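A.B. asks: Put chain Y on the given structure of chain V with help from the hints.
Number of protein chains: 2
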Amino acid sequence: MRQKIKIGIAGYGNLGKGAEIAVRQSTDMELIAVFSRRPLSSTASGVPAVSVAEAAAYKDKIDVMLLCGGSATDLTEQGPFFAAMFNTVDSFDTHAKIPEYYARMEQVAKSAGTAAAISIGWDPGLFSLNRMLAGAILPNGEDHTFWGKGVSQGHSDAIRRIAGVKDAKQYTVPKHEIIDAVRGGRESAAPSHEAHTRECFVVAEEGADKAAIEKAIVTMPNYFADYETGVHFISEEEFREKHAEIPHGGFVFRTGETSPGVCQVIEFALKLDSNPEFTASVLTAYARALYRMKQHGFTGACTVFDIPPGYLSPKAPEELRRELL
Amino acid sequence: MRQKIKIGIAGYGNLGKGAEIAVRQSTDMELIAVFSRRPLSSTASGVPAVSVAEAAAYKDKIDVMLLCGGSATDLTEQGPFFAAMFNTVDSFDTHAKIPEYYARMEQVAKSAGTAAAISIGWDPGLFSLNRMLAGAILPNGEDHTFWGKGVSQGHSDAIRRIAGVKDAKQYTVPKHEIIDAVRGGRESAAPSHEAHTRECFVVAEEGADKAAIEKAIVTMPNYFADYETGVHFISEEEFREKHAEIPHGGFVFRTGETSPGVCQVIEFALKLDSNPEFTASVLTAYARALYRMKQHGFTGACTVFDIPPGYLSPKAPEELRRELL
Chain V
16 MRQKIKIGIA
26 GYGNLGKGAE
36 IAVRQSTDME
46 LIAVFSRRPL
56 SSTASGVPAV
66 SVAEAAAYKD
76 KIDVMLLCGG
86 SATDLTEQGP
96 FFAAMFNTVD
106 SFDTHAKIPE
116 YYARMEQVAK
126 SAGTAAAISI
136 GWDPGLFSLN
146 RMLAGAILPN
156 GEDHTFWGKG
166 VSQGHSDAIR
176 RIAGVKDAKQ
186 YTVPKHEIID
196 AVRGGRESAA
206 PSHEAHTREC
216 FVVAEEGADK
226 AAIEKAIVTM
236 PNYFADYETG
246 VHFISEEEFR
256 EKHAEIPHGG
266 FVFRTGETSP
276 GVCQVIEFAL
286 KLDSNPEFTA
296 SVLTAYARAL
306 YRMKQHGFTG
316 ACTVFDIPPG
326 YLSPKAPEEL
336 RRELL
Chain Y
16 MRQKIKIGIA
26 GYGNLGKGAE
36 IAVRQSTDME
46 LIAVFSRRPL
56 SSTASGVPAV
66 SVAEAAAYKD
76 KIDVMLLCGG
86 SATDLTEQGP
96 FFAAMFNTVD
106 SFDTHAKIPE
116 YYARMEQVAK
126 SAGTAAAISI
136 GWDPGLFSLN
146 RMLAGAILPN
156 GEDHTFWGKG
166 VSQGHSDAIR
176 RIAGVKDAKQ
186 YTVPKHEIID
196 AVRGGRESAA
206 PSHEAHTREC
216 FVVAEEGADK
226 AAIEKAIVTM
236 PNYFADYETG
246 VHFISEEEFR
256 EKHAEIPHGG
266 FVFRTGETSP
276 GVCQVIEFAL
286 KLDSNPEFTA
296 SVLTAYARAL
306 YRMKQHGFTG
316 ACTVFDIPPG
326 YLSPKAPEEL
336 RRELL
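Just so you know, the sequences run in chain order V and Y. Every number in the numbering used here is 15 more than the matching position in the first sequence, counting from 1. Every number in the numbering used here is 15 more than the matching position in the second sequence, counting from 1.
Chain V on its own, in the form it takes in the complex (with noise of 0.2 Å):
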């Protein structure tokens, strides 16, 4: 029997806990130990839970570190500080400053002898790939983009940061009509606040002032102010009850012209009940494929764009070529 690959995972939020029921999903990895700044009592599966200041302790023991800091904030510290000591899966979402953090992260794993695996998610990730695979087989052609139903976890901390709000959740809605147009091959580049909407469900303070509330988020520039936005106030009962859950999806469709009026359409479409578990699974995958990556000598920073497909797949090239081709 081969040998399992060696998981750990750093950050035990959303993110990290579904990394941890990922892991699990996966026969040939074992995980080892959670990773944590705060002390934590335990984990779901019973592996230890260590504090990060001693996960230096751990560079042997383990192959490839996921890492499921909360936010791009925490990663640009934590990518570097973990990619010195192991290999490393993040997914880096902060899109202008990805080349940054790209050039750290190479910097930093080049000269430690660690491979790691930026910007691994859906998007960036697997939105990103496909973007780029039907770029390449249509140069001739437009992308579209729609993102939802589905909570942005940013859109709801800008609510919560309002004053008088206690509790509230954003989700992104793609118009249907807009989609349609488009997978349909009818032209169509509405920028992206055209083509959604923004539902805000509110859990406000006792006696706050709503309209006050209401006004602050419809108005929030980059965040509201250019979409159409609904605000609904509900009660905490509600509120617990109908969004517990963190949905997300979405849609990228490339409609392209190899001849004049021969019109071809690739569409890439995720429906996730849980957008952390989802994230987490997809990291996974890629664990595994910066695990072998690794094996074949690669060091530095590397995204979707850089690792063979098949190296995700847990079963071997021939049972690839015969089971999947």
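Heads up, a few of these hints could be off.
Which copy is meant is left open, so a pair is good if it fits within one copy or across any two.
Calculated pairs, BS3-like style, for lysine-lysine (alpha carbon to alpha carbon, straight line, at most 30 Å) [to be verified]:
id, residue 1, residue 2
1, LYS112, LYS330
2, LYS164, LYS190
3, LYS125, LYS21
4, LYS19, LYS330
5, LYS125, LYS309
Don't read these hints as lab results, they were simulated from the structure. Note that the coordinates shown come from a computational prediction; the quantities given were computed from them, not determined experimentally.
C.D. replies: Only chain Y this time, still in chain V's reference frame:
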């Protein structure tokens, strides 16, 4: 300026003509010649039409040869013949014989020091890639593939071989109620013959026995006997007017659970006005990737599973990270 990738096309049917168009759309490529067994008077793009017998003279003038032979039978000969001299990309699609074909191409290419990408296209090809990816991410799940609505060349050929048939075209049509059930995450593992119908448009010879033709079609083992099959006799004129195109497409889904009751759906879909032009566009993008694999020292046979996706794009790795991640 970078040197252009020099492409040859072997075979000048629908697929070869599609490849000629796809290479023209690729600004980093240059078409050198079209090779065919039967003498061609000219090519649409004006490049030389060369007899296959003279291919050896082009050994150092072509970086990648696109094998556009019309059938799997062509490729079992054409593949090893060309791989002994050129880097090749082909769309070998007899699923059951892929391991055998791979072994042969691996042996020929390895000993010639060439690279051969086999079974490239959309099924096998992009569909295989998505099945593999989705299976690696959602190990606890189920795959579904639907084809169509589109023309099956093999089934059309089978009808044309029936006595009394002048021309025919067969469309494979997926049953939308089953697609919707799967997309909605509701379990539904219908076998292919229950999930699709077959619609046949037939031009009969003058005075032919239409009832006998219909019976020969609907009872044909492997091709039609297990399917709901519709047979429509039409005039030659209507055939020319309404059935000249070669559309196709299909869907690959995977539905899986990450936790009990937490359903995740990954979907990849194609909607193609022209199957051969699209398939040729896929071959062309993989020609670029194969050229780069070769530059990095690769020799032997490979498939969609082995090729780092970023190699497909004309963009540099740093552009891909900046623009598409």
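A.B. asks: Which of the numbered hints are not met once you compare them with the structure shown?
C.D. replies: none
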